[in-house]
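Next come the chains, spelled out residue by residue.
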Amino acid sequence: MLQISNLHASIQGKEILKGINLTVNKGEIHAIMGPNGSGKSTLSSVLAGRDVYTVTQGEITFNGKNILPLAAHERACEGIFLAFQYPVEIPGVSMTNFMKAAIDAQYVYRNEEPPTATEFLKKMKAMRTMLGLPEKLNNRSVNEGFSGGEKKKNDIFQMAMLEPQLAILDETDSGLDIDALRIVADGVNQLKTPNNAYIVITHYQRLLDYIVPDFVHILYDGKIIKTGDKSLALELEEKGYDWLIQ
Amino acid sequence: MNTIHNVTSRYSALLTKPTVLVFENALYIPHASKYDTNAVMIETHDTTTHISVIASQITEITIVHVTQGNNAQSHAHIHYTIKENTAAQITEIHCSTNETSKISSIETTLSLEKNSQCEYINIQDLGTDTECAQTITVQQEQNSQFTAHVYQLQGDILHTTLNIDKNDTQAHTALYGLSYPKSTQRFECNTLVKHNCTDCETVENFKILATDQSFGVFGGMIYVAPHAVRTIAKQSNKNMLLSPNARIFSKPQLEIYADDVSCNHGSSTGQLNEDALWYMQARGIAPEQARQLLIQAVVCEITDMLPKEELRELINSVLR
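Protein chains in written order, with this note's numbering: chain A, -14 to 231; chain B, 276 to 595.
In isolation and in its complexed conformation, chain A is listed as follows (with noise of 0.2 Å):
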């Protein structure tokens, strides 16, 4: 589904990303890990397209596709879904009609009919009850007043709502109580198809004991430096990164 070969990318000049290879395949689930600073974030920007960074070399195909040219919104469209570390406060902009918009933007992309009103406001009730958000979500701005938790949360709201193939989650788990970091990762497990993947940015083995990787891989210093199955994150727990990087 997605191939990530040889990516470097940089930010005013400075080269954050020096030689990514990644390759996810339908059905499963990847953990990145890495000390602070190796790139974690940034390579999930670049994944979505955020033009703030520069890819100097190297190729990411998405279903066969070059997205490289495409731009932030239209790799969304084709399935690309990232869960922010912190998201976006958007006051005067309320969630129905945000997310009313981005899924009538999607269906258009694909050249499919969008919901219906009606179809549209029960899949908002139905997601929002999975995830244990309140009512008055709809008409709250989006993210406006939200705490912590419930940003994380409204953000796997939207992942559900869009059903991407492919969702980053950016450090889903920072900022998460246990309660509410049980709730997100039910909420993903329950989303998870065998056509779906994911690629799971962590700090912490904790959230890879509700949401179970098949790969975990090491970033550092833009690269990936090791690639193991989950036993990888509980090594990691114990020893940290030093005996990695030496």
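Incorrect hints may appear among the rest.
Facing chain B, from chain A, some residues (calculated, C-beta under 10 Å) [to be verified]:
{"no.": "1", "residue": "Ala33"}
{"no.": "2", "residue": "Arg35"}
{"no.": "3", "residue": "Asp36"}
{"no.": "4", "residue": "Val40"}
{"no.": "5", "residue": "His58"}
{"no.": "6", "residue": "Ala61"}
{"no.": "7", "residue": "Pro72"}
{"no.": "8", "residue": "Gly77"}
{"no.": "9", "residue": "Ser79"}
{"no.": "10", "residue": "Phe83"}
{"no.": "11", "residue": "Gln91"}
{"no.": "12", "residue": "Phe105"}
Ranges of calculated distance between the beta carbons of each label pair, as one might list FRET restraints [to be verified]:
{"no.": "13", "chain 1": "A", "residue 1": "Tyr195", "chain 2": "B", "residue 2": "Pro582", "range": "28 to 36 Å"}
{"no.": "14", "chain 1": "B", "residue 1": "Asn548", "chain 2": "A", "residue 2": "Met115", "range": "28 to 36 Å"}
{"no.": "15", "chain 1": "B", "residue 1": "Gln546", "chain 2": "A", "residue 2": "Trp228", "range": "41 to 49 Å"}
Simulated from the structure, these hints should not be mistaken for laboratory data. Glycine included, C-beta positions come from ideal geometry on N, C-alpha and C.
Could you slot chain B onto chain A? The hints should help.
Below, chain B alone, put in the same frame as chain A:
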């Protein structure tokens, strides 16, 4: 009257009201107008028109002021009297036809007698070659409530001054304004609210959204006289620069000579939030639509104050 209908077609919903008064280059056009003689009294003399609201129920008045003709210059005086214990909703639409360079100046006075209420909506949607200067002076008597909604939507140079005098106690005022200059347009709005008596309130919220190379100006002064205690006044002017070459000038002012008052004012000028634009794009919303959603969010703070849904829809449709 075809030209008038052409320029006002987007406002057709307002032309079905029982009272519609049409002016062309400052002159009242009786055969294009209609009104209920039980609710409204009208006297005209040359370019001066007196309109009195006498009915006890809420009277809706639509005024269409058209400036047309090459190099036309007009100067109109419109005087409204809202009699004691009456209520009026006045919607003025200022428009012009597409010919070169026109200048329109309008002096409007509103007298709100004791216990009267007035919602005054002023929509300036002129041709891009028209200059329009308006001075709106309001005299408020005891326990009167005046609300103004000023929309500077289109024109070459638009200059609006609002002067409010509170001549007796418990005269309350709310002023809302939106200026949306484009290309090289220059829109300016100045307000002066004088609290001359005790126990009066004022709420003021003006916004400028300036794009391209346009120019927006807001000057707001709230004056509180020495004996005008228990005054409550709030003024807000939050603006958006939508392009790197647009300019906005803001001058919020309070002049307070009384103790025991509650007054505040705030002004800020910013840009669309880049993080919010990125967040929306990451969900599949195209950049231009994301911008529109953010602009709409800012505009809504002002349009939500309009007294009727049809007016909100009208303004939103003009802005889109």
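Status of each hint after checking the structure:
no.	hint	result
1	Ala33	5 Å, holds
2	Arg35	6 Å, holds
3	Asp36	8 Å, holds
4	Val40	17 Å, violated
5	His58	4 Å, holds
6	Ala61	4 Å, holds
7	Pro72	7 Å, holds
8	Gly77	3 Å, holds
9	Ser79	9 Å, holds
10	Phe83	7 Å, holds
11	Gln91	4 Å, holds
12	Phe105	15 Å, violated
13	Tyr195(A) with Pro582(B): 28 to 36 Å	52 Å, violated
14	Asn548(B) with Met115(A): 28 to 36 Å	29 Å, holds
15	Gln546(B) with Trp228(A): 41 to 49 Å	47 Å, holds
In summary, the structure is inconsistent with hints 4, 12 and 13 from the numbered list given earlier, while agreeing with the others.
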